[in-house]
Amino acid sequence: MKPALILSVLAAATLAACAHSHNRSSSAQPDHSAAEQPVQAVASKYGFDETVARIEKAVKAKGMTVFTVIDHQAAAKANGLTMQPAKVIVFGTPKAGTPLMVKDPYFALQLPLRVLVTENNGKTEAVFNDTRALIRGSRIAYGDVENTLANAEKLIRATVSQ
Numbered sequence: 001m002k003p004a005l006i007l008s009v010l011a012a013a014t015l016a017a018c019a020h021s022h023n024r025s026s027s028a029q030p031d032h033s034a035a036e037q038p039v040q041a042v043a044s045k046y047g048f049d050e051t052v053a054r055i056e057k058a059v060k061a062k063g064m065t066v067f068t069v070i071d072h073q074a075a076a077k078a079n080g081l082t083m084q085p086a087k088v089i090v091f092g093t094p095k096a097g098t099p100l101m102v103k104d105p106y107f108a109l110q111l112p113l114r115v116l117v118t119e120n121n122g123k124t125e126a127v128f129n130d131t132r133a134l135i136r137g138s139r140i141a142y143g144d145v146e147n148t149l150a151n152a153e154k155l156i157r158a159t160v161s162q
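Once you know that position 139 of the sequence shown is 139 in this note's numbering, the rest is easy, because the numbers rise by one and skip nothing.
Please note that the accuracy of each hint is not assured.
Mimicking DSS-like on lysine-lysine, the simulated pairs with C-alpha atoms at most 25 Å apart in a straight line are [unchecked claim]:
hint: 1; residue 1: K45; residue 2: K62
hint: 2; residue 1: K95; residue 2: K45
hint: 3; residue 1: K123; residue 2: K154
hint: 4; residue 1: K95; residue 2: K62
hint: 5; residue 1: K60; residue 2: K154
hint: 6; residue 1: K57; residue 2: K154
hint: 7; residue 1: K95; residue 2: K154
hint: 8; residue 1: K77; residue 2: K95
hint: 9; residue 1: K123; residue 2: K57
hint: 10; residue 1: K45; residue 2: K154
hint: 11; residue 1: K103; residue 2: K154
hint: 12; residue 1: K95; residue 2: K60
hint: 13; residue 1: K123; residue 2: K77
hint: 14; residue 1: K60; residue 2: K45
hint: 15; residue 1: K103; residue 2: K62
hint: 16; residue 1: K57; residue 2: K95
hint: 17; residue 1: K62; residue 2: K154
Cβ-Cβ distance ranges computed for the label pairs, FRET-style [said to hold, decoys possible]:
hint: 18; residue 1: A158; residue 2: T82; range: 28 to 34 Å
hint: 19; residue 1: T98; residue 2: G47; range: 31 to 37 Å
hint: 20; residue 1: M83; residue 2: G143; range: 36 to 42 Å
hint: 21; residue 1: Y106; residue 2: Q84; range: 17 to 23 Å
hint: 22; residue 1: F67; residue 2: G122; range: 27 to 33 Å
hint: 23; residue 1: A108; residue 2: V69; range: 30 to 36 Å
hint: 24; residue 1: D130; residue 2: G63; range: 20 to 26 Å
Calculated from the structure, these hints are not laboratory results.
Positions of the beta carbon are idealized from the N, C-alpha and C atoms, including for glycine.
Given these sequences and hints, build the entire structure.
Set out below in structure tokens:
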């Protein structure tokens with residue numbers, strides 16, 4: 001066999017192996033079925049500022065850390081733009097996240113958790129990634145997160161609706 005042909009075959013095999021090893025999901029198209037929406041939106045029975053404060057307080061009360069709060073409306077205003085109130089609360093705890101990132105290092109792109117509080121037409125909502133959608137395509141099983149990430153989702157729901 002000629003050296004050029006051998007190199008071509010090796011290159012093709014290497015590219016195929018790389019493509020296979022980095023394809024982490026079962027399909028190229030995301031599944032947006034009703035059973036597994038990528039985000040969940042929950043109407044808050046509180047105003048915008050109170051919803052943000054309640055979520056921050058609830059997260060801290062459960063021993064999690066609020067790493068930062070991103071105020072999109074303030075950033076827009078600082079750049080001469082206007083938009084509805086929108087803050088993203090970034091939170092989590094290494095006790096829950098570290099074992100997941102050890103199991104699947106790519107999962108670090110999904111952590112820490114985030115919740116958007118926004119207001120449209122006078123109605124405040126808390127919007128967050130659905131737990132099952134968050135782990136889809138990862139090496140993380142629902143059983144690995146049902147007592148951690150899934151509980152954060154329940155905490156947000158309860159905090160804004162009770």
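Evaluation of the provided hints:
no.	hint	in the structure
1	K45 x K62	21 Å, holds
2	K95 x K45	31 Å, violated
3	K123 x K154	21 Å, holds
4	K95 x K62	12 Å, holds
5	K60 x K154	15 Å, holds
6	K57 x K154	15 Å, holds
7	K95 x K154	18 Å, holds
8	K77 x K95	37 Å, violated
9	K123 x K57	21 Å, holds
10	K45 x K154	16 Å, holds
11	K103 x K154	24 Å, holds
12	K95 x K60	14 Å, holds
13	K123 x K77	21 Å, holds
14	K60 x K45	21 Å, holds
15	K103 x K62	24 Å, holds
16	K57 x K95	19 Å, holds
17	K62 x K154	12 Å, holds
18	A158 x T82: 28 to 34 Å	33 Å, holds
19	T98 x G47: 31 to 37 Å	36 Å, holds
20	M83 x G143: 36 to 42 Å	39 Å, holds
21	Y106 x Q84: 17 to 23 Å	33 Å, violated
22	F67 x G122: 27 to 33 Å	29 Å, holds
23	A108 x V69: 30 to 36 Å	21 Å, violated
24	D130 x G63: 20 to 26 Å	23 Å, holds
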